[in-house]
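Given the coordinates of chain A, assemble chain B onto it according to the supplied hints.
Protein chains in written order, with the working numbering: chain A, 1 to 62; chain B, 1 to 382.
These are calculated hints, taken from the structure and not from any lab test. Note that the coordinates shown come from a computational prediction; the quantities given were computed from them, not determined experimentally. Even for Gly, the Cβ is constructed at its ideal location relative to N, Cα and C. Incorrect hints may have been included.
[What the hints assert, rightly or not] Listed below are the simulated DSS-like cross-link pairs for lysine-lysine, each with C-alpha atoms no more than 27 angstroms apart in a straight line:
no.	chain 1	residue 1	chain 2	residue 2
1	A	K47	B	K346
2	A	K47	A	K12
3	B	K76	A	K12
[To be verified] Covered stretches of chain B (chain A as the covering partner; in silico rule of three or more C-beta atoms under 8 angstroms from a C-beta of chain A):
no.	stretch
4	290 to 299
5	323 to 336
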Amino acid sequence: MRRLEWSIFAAKRARISLTPEALAESVFGQDLTPETRFAAAGAESPKQALTLLLVSPNFMWR
Amino acid sequence: MTINPSMAAHRFGLGAYPGELAVLARDPAGALWRQTELRMPAANPEPLRRALIEMRAAATIAEKPARQAALRALFKRIRQSDRTQFDAAFAAAAQSTAPFVERLTWFWANHFTVSVKGKPRVLPFAGTFVADAIRPHVLGRFADMLVAVEQHPAMLIYLDNAVSIGPASKAARRSKRGLNENLAREILELHTLGVGSGYSQQDVIELARLITGWTVPIGRRLPNDMEPFFFAENWHEPGQKRVLGVRYGEGLAEGERALRDLAARPRTAQFLATKLARHFIADDPPAAAVDHIAGRYRESGGSLARMSQALIEIAVDRPQWLQPKYRQPMDHMAAIVRALGPEVLKARRTLPDLTKFAQAPLLRARLPGTQTKRAIGPARTL
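With the rest of the complex left out, here is chain A (with noise of 0.2 angstroms):
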């Protein structure tokens, strides 16, 4: 749970200027996953989007 409470407080900090989908492209190149890929585009909001991403398969695995 930890980690989901420290993503969610990253995601509210984060000043970036790409959207979430964008972002993970770039961070995970060739090994983004379709289950990510869906979290950071089909959330309500872009900080949702951007929890979704910080807790998903390949955030949490390297």
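Then chain B, alone, in the frame of chain A:
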């Protein structure tokens, strides 16, 4: 052949900032390889000397209540300053321009964990542990790192060698303290050969005897201007010792020789290679991967740069060996900071929780490669 830029950034580094993969794409393996050829800066002895002076100022007060109050105040001040420096040091590390070296530093800091839990006297020395003993050697020789670590005040206090007295030493006649085996046991079990690798309880005792007198000069009767590592000859166990069948005599150099011999053992190569393979290749790495890494270590006389290059070689030549690795909490934090920028760490009220959360290797000693004045480092817990 080369490796996928995302693998280079996420598996070997600390994540990617937007656009980093495009930069890496030209030559991902080369970008990693060049990091292993960097020259690491030597340790700066001054912060550790200052820590000893501060510690002595409190610990040598004659009256017990005043001494205890001074120590409590010192520990409290260090805890607070570590906390306030955490985000700056962590952000600098997460944004490193040599993230593979940074990950390796975290790896070795974790291998040689020190903790302040239940041992507040470690606190003044833990802050520079990584910068003093780990980082200078992370691309150097394992034997040099091993000696630096086992002679560091944070390690000597954490594992009680600082109070270990040879039973036949001069000091033993007027002290109720005796031999303490904790550090010697951890050297064999965690730092070099690995648990269950064929050493005996007698080897532990003999190694403990060899490193008696390795301590920190905090005692009241000692002069104020001593170096933070002190070989107390009158605490040292005289006579012959025998570790894993090798004979040693007495004195500081013999203890160091024993550590260097341990570093050179094939079992140590195998143990270190297994840990590296688990971290970088797969949770359950193929034996051939471990053998390749251990082989590079043996043929290079224990070079950690060669060992690190072996990991790149595997990623290039045997990409099918690399299996998904779950990020530790601190890794996850680092990847977020690298992707989103250090602003995400700003909010003082959350820092105590963050520092507890980022439990992994680097909490109680300075993060390496940072420009901050004071910082964080290895610990099981804060």
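How the hints compare with the structure:
1. With a C-alpha separation of about 17 angstroms, the suggested pair A:K47 and B:K346 falls inside the 27 angstroms cut-off, and the hint holds.
2. Simply put, A:K47 and A:K12 have alpha-carbon atoms about 7 angstroms apart, close enough for the 27 angstroms limit, and the pair holds.
3. Between B:K76 and A:K12 the alpha-carbon distance is near 31 angstroms, which puts this suggested pair outside the 27 angstroms criterion.
4. Here the stretch 290 to 299 of chain B counts 0 residues with a CB under 8 angstroms from a CB of chain A, which misses the bar of 3, and the coverage is violated.
5. Using a Cβ-Cβ cut-off of 8 angstroms, 10 residues of the stretch 323 to 336 of chain B lie near chain A, which meets the minimum of three, so the contact claim holds.
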